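K.L.:
Here is how the chains run, residue by residue.
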Amino acid sequence: MLTAITFLPVIGAIIILFLPNNRAIKTFAIAWSLIPLIISIVVWVVLPTYPGGYFIYNGCGSAIANASANFHLNECASWIPAINVNYHLGADGISIPLIFLTTLLTTVGLYYSARVINERVREFFFLFLLLETGMLGVFVALDFFLFYIFWEVGLVPMYFLIGIFGHEEDRPQYSAIKFFLYTLAGSVFMLLSIIAIYLNSNPQSFDMTLAMQPGAHPFVNQFINNFSYATLAFIGFFLAFSIKVPLWPFHTWLPDAHTAAPTAGSVVLAGVLLKLGTYGYVRILMSVFPDVFRAAAGIIGTLAVISIVYGALVAMAQTDFKRLIAYSSVNHMGYVILGLAAAAALTPADYKNQNLVNSASTAVNGAVLEMFVHGIITGALFFLVGMLYERTHTRDLKVFGGLGAKVPVYAALLLLASFASLGLPALAGFVAEFLVLRGAYATLTTMSFFAVIGIVLTAAYFLWKVIQRVLLGTLNPTWINLPDLHGYEIITLVPLAILMILIGIYPQWIISTINDASVAILKMIGG
Amino acid sequence: MSINTLLYLSPEIILTVVALVVFALDLIWRERGADRLGWITLSGLVLALVATLALFVPGKQFAVFCGACATQGPVDLANPATLASVKDALYVSDNFTNFFRLIATVAGIIILIGSFEYLRGRTPYRGEFFGLFLLAILAVILMAGSTNLLMIYLSTEFLSYTSYILTGFLRENKKSNEASIKYFFFGAVTSATMLYGMSLFFGATGSLNLPEISEVFRTGLVNTAGSPVHGGSEPLALFALALTLTGIGFKIALVPFHSWSPDAYEGAPTPVTAFLSVGPKAAGFAILMRVFLTGALVYQESWVALLSAVSIITMTLGNIIALTETNVKRLLAYSSIAQAGYMLIGLVGASLDRSNSSTAGISGVLIYLFAYLFTNLGAFLIVIAIENATGAVDVSQYRGMIRRAPFLAAMMVFFFLSLAGIPPTAGFIGKFFVFAAALRTGQGVLAAFGVVNSVISLFYYFRVIRPMFFDAAPDETPIRSSSWLNAGLAIAAAMTLIIALVPTPFVNLATSSMAMFGLAFR
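Protein chains in written order, with my numbering: chain A, 5 to 531; chain B, 495 to 1016.
It should be emphasised that the hints constitute simulated quantities derived from the structure, not laboratory data. All of these numbers come straight from a predicted model, not from anything done at the bench. Think of the CB as a built atom: it goes at the ideal place given N, C-alpha and C, for glycine as much as any other residue. A couple of the hints might just be wrong.
Stated by the list, open to error - Taking CB as the label site, the calculated pair distances span:
| no. | chain 1 | residue 1 | chain 2 | residue 2 | range |
| --- | --- | --- | --- | --- | --- |
| 1 | A | Asn230 | B | Val544 | 21 to 31 Å |
| 2 | A | Glu173 | B | Val544 | 52 to 62 Å |
| 3 | B | Ala984 | A | Asn25 | 49 to 59 Å |
| 4 | A | Val403 | B | Ala966 | 26 to 36 Å |
| 5 | A | Asp400 | B | Asp965 | 24 to 34 Å |
| 6 | A | Asn25 | B | Val996 | 29 to 39 Å |
| 7 | A | Ala81 | B | Ala803 | 39 to 49 Å |
| 8 | B | Leu732 | A | Thr235 | 52 to 62 Å |
| 9 | B | Lys669 | A | Asn230 | 37 to 47 Å |
Extracted from the complex, chain B is given alone in its bound form:
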């Protein structure tokens, strides 16, 4: 493996090294050096972001990593001869992975600068927090790049364990502990189920590799002499898919695997909640696309029905329960459950038309994720800012916020409009693309459910807005938020607006990130 090949892993390597450095320095500096560790963490994330941006390549070039591939390192997708040699890749560094690197590092930066003030005084172990946070970001990226079931499982567990610890990070806080335990138990069960599903894949196809699994499902299993042993078994494949979906659905918080999320969101330190609402969700979608669109592409007519049902239940239930929530963190938990339902619409819309290999749905999901990233983090930064100043996380405590923090209140409206998909916001562009993808493949009913749900969601978003603007404040002390947090907020708001006004670069980014799926669609 040459240095040239390793360059394709530079974001991952940077994050690993910086995380280890942070842990090591934390042992020496202790609490006194936590501020400096925050800086190091931030620069590590920025560095990883820069490396990610440098890795975006215009063509279809990508790098594969595996134990025994004939080709290591950069592969040109345009050359079919080299394609066969990468079928057993463990890990791929393509534009698709890179897109998720972008999401992970940007989310990391925004959350991190939002967490500086929050952590101060809440925990004496800030250094550990920063290190674990970097590892969690790394885990998100590793999930997105995995093309092998074993690698997928390992990276998923990696993300799970770092998330459990981060969720329970406030040791003195009972709710934080409870959240962590609930999260852990739920995660343990679902990941075991997922592992069982993966073992069924192996049993059915003799491979853990998604491109190989896909090929066996399509052509049947052959023995070493080249004669067929048996064809792909659809019921078995669907059963395995459903079990695997359990684990992925847990990460994304799809209904019915969502029940951990409101408790975890409520109990976790708010910056961790923000991370949970973006990081695992994005990574889960990456895996979902890899497994469903590469591994089990041939059965898509069958699993489209499954995913449509999950999508409808997820967005409807998430939205309806959110209607009664008064804790803002729990409300955002249900909101993000519903958001995952909208994203699934795109995945379902991506899959039907293989004849012209339109991937409008996938790019729809990616655009949605990108819009959701900034919008949701923006909303969480405001929750953090208000919690920092007043400790309030309940809707009723948000009364008169326009008087106390006009900037935060106005921004909250903007982000909530974006979450509800009202133009001109990024959320509208995301919704537009997934609904268009659904209509393109004739999923009119699904799209109709989507739009009705976005109307329902507006109601509870504005239940938060209402007291902020219409009611008198209990006390008029202005809320000051740190300039770091304001900077994060400004980035999130600017991006939410820019994606809406100039969507073209982001659409192109999403489109070019799907080059990998050219492999599976041909």
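So that you can see chain A by itself, here it is in the shape it has in the complex:
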């Protein structure tokens, strides 16, 4: 089932190469992308009926099967026996929402792009579906080798999406190669760490579930049990993930890439690609290297707080609408990392204190939920920026004003997304940020305090820069004939808006899924 979700998009991409005309390509791509979306919903719904550790197919032996108890819908087959590489997929409560997010944003992005992309259509839809496979693969891979391959597969289509479809004035070629090189520079060190884990494990294996097992397990990983070696391997992964997140000071590729990318590209970039990094934090840094992460929790937590405050301040200084939203991602990703660092900071003694463990799982829940809602909210915001740009051909915040009365539907949706993003209660962003701060307060108290300052700043830049500059004030006469949102634009945004409100009012359905996984992870770390 996970194989189907992962590889359907790439099959669709290949079919697109043979379709006769643009119309067929667009219709096909949208329709095709619905299949993984539907499967991902089905997976979410049926997940509770399958016990943890259930294998749809197991060709990898009992050691891996026993280690995979936290994962559902496992599929495992031997791929490169010479070096024990397995094709091992599996999902848990952390990957499931992210898989859904990926398929949803892809479908929505394709739907929107079908209207606005009219040049080099075949390439666009081909690349987009290829990108989807890369992203989904990362979320389901449970083998380091496989994980690395999917991790890299996403880079190339994104490079071309930015480079080909970016707007000329945003230097898309420069931004594209900067994005590619930055991410690659991080990930090659991850490759070395992966090899190091493999070489120092006994029996040698690339399986993630085996590497997650505590030291007493028959699978002995000398790297992970030797703190100084493990630190080196940790740094390799840390660099790869932190560049992707991006954590301050690794964020400099992000504003360029987000700004230059076409609208749907920015949506997926902010909505999903950044989550690959935070997902890596949970799946690998936290689960495989708990000891090192604990030791580094203070440093990483500090970087997270700097990201929160710095991201907010820089966003406030922007005059470009899209760049502002881009920096708001740095800001929001800081909460995710802060929550994870807070959970990782628990010492073995702390695990005896149930309150602390509960706080930690709250923090992880909040972090994962923040990943999801940030994808929804920032996705919507990038769509809104794109829609405004399509009409006005500018993103300069200084030239707008008074659009609230002119384009009421647009204004309503922009207000909704902005409020959700700045953390207004009863909207999705609030729930996630509240959980993070509530959880982080227990272990990283001081940092949580500074993070709250970030919330104020976030509110400031959204209210002052976005809502006031765009919607309020006197109407610039240039925009006297500005049309309101078209039907297809509303359809694009509605699913995202519904989720923002739904999660804000009744988050339990998604938190319960996440909670199962975060409790399981903490139980594994705490022994």
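With chain A held as given, fit chain B onto it using these hints.
P.N.:
Below, chain B alone, put in the same frame as chain A:
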């Protein structure tokens, strides 16, 4: 020497005979029959490939050829008694040799079908070209099979001379002539240096035979009565090794023996450039492994430092200079210099752990070579196709290629990703294995240099890609490439993908090709 023994040389014999036939028929048919000669050449290569595939044997059996061996022909490595009798072999036909036969013949086929259209109209002497090309392929194989310094020297010179002529084959073209002359002068100096190094080996050990040299270095020289004369001399051995490395490094284009290669690559007919980037490099690595891992195995702690340094300098310098190149052929020249640096990582990684005789590094090098073969030839076929249609070899002339030749442009991305080692491509598998070998032996710094370099390399590979996809074409005429060339391209692309998706057979192939080195490691 029985017929049975000669069968072990069938690929070499086929290539020799076909080359002579081509030369002879060329005298009769002249330019009119050149197309037919191309066919004959192609069938000769295919035949040699088939013979090669038939020669892969599962066990450790191999054949030796020498003047005065007690045993001629097939030897079973599993039987230690027969091993002593093959110590003075001149030439060995084992799976290792066979691996390089495979590389040479496959490269020959792909380059040849890429060259048909290119040569037409550029030279009236196509028949000679085909004959010389076959001899060059033969020379690559002969280098790989040599286990005697004299034989190594002769086959190296054989390859050099055929390469010089092929490089300067476009007589009317000044650049081609200049390239050939530069190549020749550089080659003459390095080969003389190598010969001096080999003479030092002989002086130190009294033998030209690699297994014997290895034994003397390990146990000391004995006189006829069996008493030791002197032990192996490490400084002398290292000096001799360094001098020999000069000649081999020239073939592989290792820094600092690389300076001929950008000029030769630029001036040579592009199919010859493609050959230079694969054939001599593969053969050079074969000899490098034979000399360093058989002959001088005992001093490996010392030469590992030397080769690590050469590896780091080679990949770093190759990549950094490539950053500024705008001529695609020169860019690929520097790229292939850097690629040789990555391969050396594997060799260094192979050598340290003799206790458990892990040869992960050697198989890493072989897998890398195999991946590099298809990837690099694929890239060159595209350069040939574009040059055929437009005469363009400069990056700026590649603008808008996605409009004019979408297939070629997309394939270029794929091959360049493979050269940079991005999955899912063969190049990634190759890099993975050499980096893993380096980490296995504790060469973390070397591996770190390797990965940083692959990031740098991506930048210049994508400097070629960028105009192809992002810029508007100066004119929109579609580029048509011949179906022969497309077939070669399809083979190269398919193999680049298959090695990445199903690496197991190729890993096994590389592993079984190292059986010979069991001799030296015990």
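K.L.:
If a hint holds in the structure, say so; if it does not, say that too.
P.N.:
Checked hints:
1. A:Asn230 with B:Val544: 21 to 31 Å: For Val544 (chain B) against Asn230 (chain A), whose Cβ atoms are near 52 Å apart, the range 21 to 31 Å is violated.
2. A:Glu173 with B:Val544: 52 to 62 Å: Holds, at about 59 Å.
3. B:Ala984 with A:Asn25: 49 to 59 Å: violated (26 Å)
4. A:Val403 with B:Ala966: 26 to 36 Å: The hinted range 26 to 36 Å holds for Val403 (chain A) and Ala966 (chain B), with Cβ atoms some 30 Å apart.
5. A:Asp400 with B:Asp965: 24 to 34 Å: holds (27 Å)
6. A:Asn25 with B:Val996: 29 to 39 Å: holds (35 Å)
7. A:Ala81 with B:Ala803: 39 to 49 Å: The hinted range 39 to 49 Å holds for Ala81 (chain A) and Ala803 (chain B), with Cβ atoms some 43 Å apart.
8. B:Leu732 with A:Thr235: 52 to 62 Å: Hint violated: Cβ distance 37 Å, outside 52 to 62 Å.
9. B:Lys669 with A:Asn230: 37 to 47 Å: violated (57 Å)
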